[in-house]
Amino acid sequence: MHDKQFMRETLLEGAQAFQAGKLGRRGFLALCGMAGFASASVLAGRAEAAAGEIVMWNWGGQSEECHTSAIGNAFTAETGMPLKFDTSGPLQGKIREMVDSGNVTADVCDGDLFDAVALGKTGHLEPIDYSVVDKTKTIDGYALEFGVSIILYGYAFMYDTQAYPDGPPTSWVDFFDTERFPGTRSLYKWANGSLEAALMADGVEKDQLYPLDLDRALAKIKSIKDNTIYWGSGAEAQQMIVNGEVSMGMVWQNRGRSIETDTEGRYKLVNNGAIAMPGAYIVPKGNPGGPAVMKFIATAQSVPAQLDLFACLGMTPTNSEAIAAMAESDQPYSITSEQNFPNVVLNDPNWWGENTDTAVNAFLEAIS
Amino acid sequence: MRAIPRHALNAGWILVLPFVVLVGALFLGPIFNILWLSVSDPTPGLGNYTELFTSDSLGRILWTTLRVCVICTAISVVLGYSIAYAMVHAAEGTRNKMLGLLLVSFWISVLVRTFSWLMLLGRNGVVNSTLETIGIISEPISFMRNELGVLIGMVHYMVPYAVLPILASMQSIDGRVLQASRSLGATGTQTFWRVYLPLSRAGLVAAALLVFIINLGFYVIPAVLGGGKVLMVAEYISVQVLVTLQWGTAAMLAALLLFGVLALLFLMSRFMKLSTVFGGARA
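Going down the list, the sequences are from chains W and R.
So our numbering is basically just the index in the first sequence, starting at one, shifted up by 122.
So our numbering is basically just the index in the second sequence, starting at one, shifted up by 8.
Just so you know, the hints here were simulated from the structure itself, not pulled from any lab data.
There's no promise every hint is true.
Going by beta-carbon spacing under 10 Å, a handful of chain W positions derived as facing chain R [unchecked claim]: (1) Ala-240; (2) Met-362; (3) Asn-472.
Capping the alpha-carbon separation at 20 Å, the derived lysine to any residue pairs in SDA-like fashion look like this [stated by the list, open to error]: (4) W/Lys-216 x R/Leu-250; (5) W/Lys-407 x W/Pro-426; (6) W/Lys-344 x R/Leu-250; (7) R/Lys-237 x W/Glu-487; (8) W/Lys-243 x R/Leu-250; (9) W/Lys-243 x R/Pro-50; (10) W/Lys-257 x W/Glu-487; (11) R/Lys-237 x W/Ser-355; (12) W/Lys-216 x R/Pro-50; (13) R/Lys-237 x W/Lys-243; (14) W/Lys-216 x R/Arg-121.
Non-contacting residues of chain W with respect to chain R, defined by C-beta distances greater than 10 Å in every case (computed) [stated by the list, open to error]: (15) Pro-249; (16) Gly-325; (17) Asp-329; (18) Lys-417; (19) Leu-429; (20) Thr-478; (21) Leu-486; (22) Glu-487.
Positions of the beta carbon are idealized from the N, C-alpha and C atoms, including for glycine.
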């Protein structure tokens, strides 16, 4: 391991010298050759970071342009460091693999706060530097040692207004009631959100949800299994609704507004009982960009960045100043707005950080 | 091919040795890594393998996988055999057109096919809405988001894989044998069952093996067309690696798939020369 590290540091210096023009192209390539690295992989990995930039690992699609306009531009203007992207989706397993392999190429992951709990415990993450990042600019309890919540997404449901002309469903109780509200439903297939919704439908008070009663939740999930299909990605959830496959469908709350627009109002979002999920920025251990990434996270907490992320991706701000600055017309779609917040559940990242494996596998067993 | 005379060291080997070593290291290294993981994570020992016998859900996932794969293989091979038979007996021009069509469907991405099936056979898809409009059905038929959907998607994907080896073996059948059979008094049906089918058996077995093995690793089609309810082993492995971080379980299942396939090849090799199945030599 140490010799590997030495090679990497040598290469890093070489790459810096190359960038600065102190080392010729041939010399640099020879150095790469000697170190046994293909030049391409060096340029793609550590050397790129050596140029002084931040690599954000997110989920692709629209988020690349939204993160650039909302955070990247301001961050680059302030620090001179460009923002680049790896859009392959920072799932827990991928972060762990990247850190274990010793070739960390991302500085900040657009992950979940429960990832911060799970991976922080196993030593795969850098702690958040709260002298740079502001603890007060997020929701209470969402500034953890290894991750800080920047935005909230969430799980809410949408219904077909034409399917229920006599009175629309208004809560998870209605969502799980196939007698009064017939039709196919959709739920998230990796347990998150679906379990909380099932428990609320079964009569658990929203402030009594955690620790989740798995057996009770799964029994409720199974009770509507014949009328349920399950989605694995936000795009799939959206498709199930837009293609009319379901009469009621769970969605990522931040997508609700665009689905209402896409279906010309035929499907309506219900925020009552929505489960707010803390989307968090987390830093893989040994990130190439070093401590500068904390400045990036702090930039993401700023009011303009937060409002921009909401406008661009529909993700609700966590910074209370940004929430206060939101336009009246945006309030219904913000999961923490004054009208929605009293009826919303805040996800417990500690429970999920500890229990994801048990919960997901039990859920998969129940639905398959 | 003649047997190569056994010199102590053929010079040719020295030339390819570096590549053999490279391929061996790049290929076997990760496989050993997986095998190692399956007996070392989370604790050393055979704990991951005993889970196979103690966990109901693993048993069910394997059973679903096996069931779907066997049904899909059977349908694909029967369809593939019919198509290949038609191709062999079609005029040359028609055959080339058929081959062209087959290859086009071979090349279409699995995602495109999957979503096309949803468009066609989904709840509000073309087929359901047409049938509803002309009044044949009152409720949409659930073709998709269940096991039927998975089978439709998988068979559609696998038919070209079934046709190609069968076609190759049918093309090598000497037509005069069939004439001989007819001239000796066998009916057309008898000729097919007793002469043609046995002669095309190698292709049939190759197709069945190929289709079955590819089926075992299917991921996208069951995940999307199964509506989350048809959980096959590939998707389960991916969830264990990416979400629940139970890499030991994932590695154990991967090892199981690997040895399952090897065992299948071994069994098959007891009954026939594998090289004829895969066209390495003409029997």
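We went through each hint and held it up to the structure:
The beta carbon of W/Ala-240 comes within 7 Å of a beta carbon in chain R, closer than 10 Å, and the hint placing it at the interface holds. Here the hint on W/Met-362 is kept, as its CB sits about 9 Å from the closest CB of chain R, short of 10 Å. Using the Cβ-Cβ criterion of 10 Å, the hint placing W/Asn-472 at the interface with chain R is not satisfied: the shortest such distance is roughly 17 Å. Restraint check for W/Lys-216 and R/Leu-250: satisfied, since their Cα atoms lie roughly 6 Å apart, inside the 20 Å limit.
For the hint linking W/Lys-407 to W/Pro-426, the alpha-carbon distance of about 29 Å lies beyond 20 Å, and the restraint is violated. Of the supplied pair hints, the one linking W/Lys-344 and R/Leu-250 is violated, its CA atoms being roughly 25 Å apart against a limit of 20 Å. For the hint pairing R/Lys-237 with W/Glu-487, the CA-to-CA distance comes to about 9 Å; that is within 20 Å, so the pair holds. With a C-alpha separation of about 17 Å, the suggested pair W/Lys-243 and R/Leu-250 falls inside the 20 Å cut-off, and the hint holds.
Between W/Lys-243 and R/Pro-50, the direct Cα distance comes to roughly 15 Å. Compliance with the 20 Å bound is thereby established for this hinted pair. Pair hint W/Lys-257 plus W/Glu-487 does not hold up; C-alpha atoms about 39 Å apart against a cutoff of 20 Å. Among the hinted pairs, R/Lys-237 with W/Ser-355 is consistent with the structure: their alpha-carbon atoms are about 15 Å apart, no more than 20 Å. Taking the CA atoms of W/Lys-216 and R/Pro-50, the gap is near 18 Å; set against the 20 Å cutoff, the hint holds.
The hinted pair formed by R/Lys-237 and W/Lys-243 fails the criterion: a straight-line CA distance of about 33 Å is larger than 20 Å. Restraint check: the Cα-Cα separation between W/Lys-216 and R/Arg-121 comes to about 28 Å, which exceeds 20 Å; the hinted pair is violated. Against the 10 Å criterion, W/Pro-249 stays outside the reach of chain R, whose nearest CB is about 20 Å from its own CB. Remark: the non-interface label on W/Gly-325 is consistent with the geometry, its nearest Cβ contact in chain R lying 25 Å away (cut-off 10 Å).
The claim that W/Asp-329 is not at the interface with chain R holds, since no C-beta of that chain comes within 10 Å of its own (minimum 27 Å). No Cβ of chain R approaches the Cβ of W/Lys-417 within 10 Å, the least distance being about 30 Å, so the stated non-interface status holds. The Cβ of W/Leu-429 lies farther than 10 Å from every Cβ of chain R, with a closest approach of about 32 Å, so its non-interface assignment holds. Separation of W/Thr-478 from chain R is inadequate, the least Cβ-Cβ distance of about 6 Å not exceeding the 10 Å criterion.
For W/Leu-486, the non-interface assignment is contradicted: its Cβ lies about 6 Å from the closest Cβ of chain R, within the 10 Å cut-off. Consistency note on W/Glu-487: stated as away from chain R, yet its beta-carbon is not over 10 Å from all of that chain's, at 4 Å minimum.
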